[in-house]
Amino acid sequence: MELYNLTIHELHERLKKKELSSLELTDAFLKRINAVEGKIKAYITITKEDAVKQAKEADKRIAAGMDVTPLTGVPISVKDIFCTKGILTTCASKILNNFIPPYDAAVIKKLKDAGAVILGKNNMDEFAMGSSTENSAYFTTKNPWDLERVPGGSSGGSAASVAADECAASIGTDTGGSIRQPASCCGIVGLKPTYGRVSRYGMIAFASSLDQAGPLTKDVKDCAIMLNAMAGYDSQDSTSIDAPVPDYTKVLTKDVKGLKIGIPKEYFIKGLDSDVEKAVKQAIEVLKKQGASVVDVSLPHTDYAIAVYYLVATAEASSNLARYDGVKFGYRVKESKNLIDMYCKTRDEGFGPEVKRRIMLGTYSLSAGYYEAYYKKASYVRILIKRDFEEAFKKCDVILTPTSPTPAFKIGEKTSDPLTMYLSDIFTISCNLAGIPGISLPCGFTKNNLPIGLQILGKPLDEETVLKTAYAYEQATEWHKKRAVV
Amino acid sequence: MAITKKDVEHVAVLARLALSEQEIKLYTEQMANILSYVEKLRALDTRVVESTAYTTSTNTVFRKDEMKPSLPQEGILSNAPEKAKGCFKVPRIIE
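Which chain is which? The protein sequence lines are A and B, in order.
Be aware that the first sequence starts at 3, since it is given in the numbering used here, and climbs by one per residue.
Be aware that the second sequence starts at 5, since it is given in the numbering used here, and climbs by one per residue.
Just so you know, the hints here were simulated from the structure itself, not pulled from any lab data.
Please note: incorrect hints may appear among the correct ones.
To be verified - Just some of the chain B residues that point at chain A, by a computed CB distance under 10 Å:
(1) S24
(2) K29
(3) M71
(4) P73
(5) L75
What the hints assert, rightly or not - Calculated lysine-lysine pairs in the DSSO-like style (CA-CA distance at most 30 Å, straight line):
(6) A:K272 with A:K62
(7) A:K412 with A:K272
(8) A:K111 with B:K72
(9) B:K68 with A:K330
(10) A:K336 with B:K87
(11) A:K461 with A:K412
(12) B:K68 with A:K336
If you're wondering where the values come from, they're calculated on a predicted model, not measured in any experiment.
The beta-carbon is built from N, C-alpha and C at its ideal position, and this holds for glycine as well.
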């Protein structure tokens, strides 16, 4: 076991007992990054100097025994969608290839205040639009379990950095599955909290009614530790929920006696990989043995989720991305005839093909004559999807599904047809549309040794039951102990 | 409602994207595919629900109208592609 293999809670024990300094630990991770990053390509920017500074600060805190949190001195990475003061923040786009934010995102500030050490900024699909990191303007991240495959996306760099032990944990964002699907592809834990649980301030917006930040970690306990540091009301985000934040590590008791697990028949469909189906069904049996009971539930509007998503998310994106116009920050085209010409050329050159496609689609569905038929209709169906969950949760405490219908696919396999790529989010999207929390955790491997993810969905603001169920399953299995050999 | 090349050109103007001929052609095709996929929503009866943009709260959030420091002008201008006299500078608007 190397230092970089350890979880946050294991590292915290050693740091606290002063068996290890944060500086030594940070150095171990920087060496690890040096050794494997050439193969994985999980980082757009590595912030070595800042990390060393933060590690020294953390060591001072630990030495003084002051304000030591479970994250103090622990090296993490962050998706390049979070604004970091004084550090290049690209959102994996050419249009932000020179953007140095003058402030930290609320989540970044919270993690820094907790004493975490930030190693760098992770690769992703441009503006979080994608399921593979192939839409990054810079490069594609490789899956640590099979370098010919994608790590999932859009938080693919974050997930790969955790799976390849290039950090202790990471944070990403999830608009339609962008934390859970890469976590599933990379064999780690990823949580999308309830919409509003974590502040979106300083997180570059894609679809504001769906975007939510969350942790990617090596096990469920780490996930709870990270959520403790990230969650909470923020007056700078008007959709942030003003509700108390419990200590999420307190619920990790392994006790699921009496827990009711809902199984939606709409998620066990044709096209579901047979290894995935088998692993998820076995996971249900594991929880049953621990005293949970299983009920059949129905989410009848599941089949409409992707259609709703690609209308709602693109409409919001077309509005959010209007700010990239070459005036206040980011890329500006060198030659232009006038202001409008400058806008149009800057945007055409600055955005990649998938981003432009989504801006076009969103602008179209919001334009005069189409708004009622597309955007408004989709907003209505979105409510039906939300009601499906409300009905289902009358009968159960959590809902169990596969995270993704297939394991990680090959690089290049789905790039030619955008619709095929969109369908890889089929099991994760409804959760964002309904605003509920969802986690993905490892539940097995395919015949080709690719990780499989189990998704657990919960009631709004009930991350506790989601984490508790995930922890009980995890502790009864060995999957989370397997590490990719890079 | 099949989308035409002309529609795509119009949307590109609205979206302020100087798309190439090739891009217009590709997006016409791909948007037509995606739009035909989302057609399935039409079959659903949605009369029982009202539209809402947000799923957790539909309330407008208010705050006290208090003076608070904002980011310094220097920080705000630090990323400007072009600036002059403490302002963002853009290409000439009036010919």
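Hint-by-hint comparison with the structure:
no., hint, result
1, S24, "8 Å, holds"
2, K29, "13 Å, violated"
3, M71, "15 Å, violated"
4, P73, "12 Å, violated"
5, L75, "6 Å, holds"
6, A:K272 with A:K62, "56 Å, violated"
7, A:K412 with A:K272, "21 Å, holds"
8, A:K111 with B:K72, "19 Å, holds"
9, B:K68 with A:K330, "28 Å, holds"
10, A:K336 with B:K87, "15 Å, holds"
11, A:K461 with A:K412, "34 Å, violated"
12, B:K68 with A:K336, "43 Å, violated"
Checked against the numbered hints given earlier, the structure breaks hints 2, 3, 4, 6, 11, 12 and satisfies all the rest.
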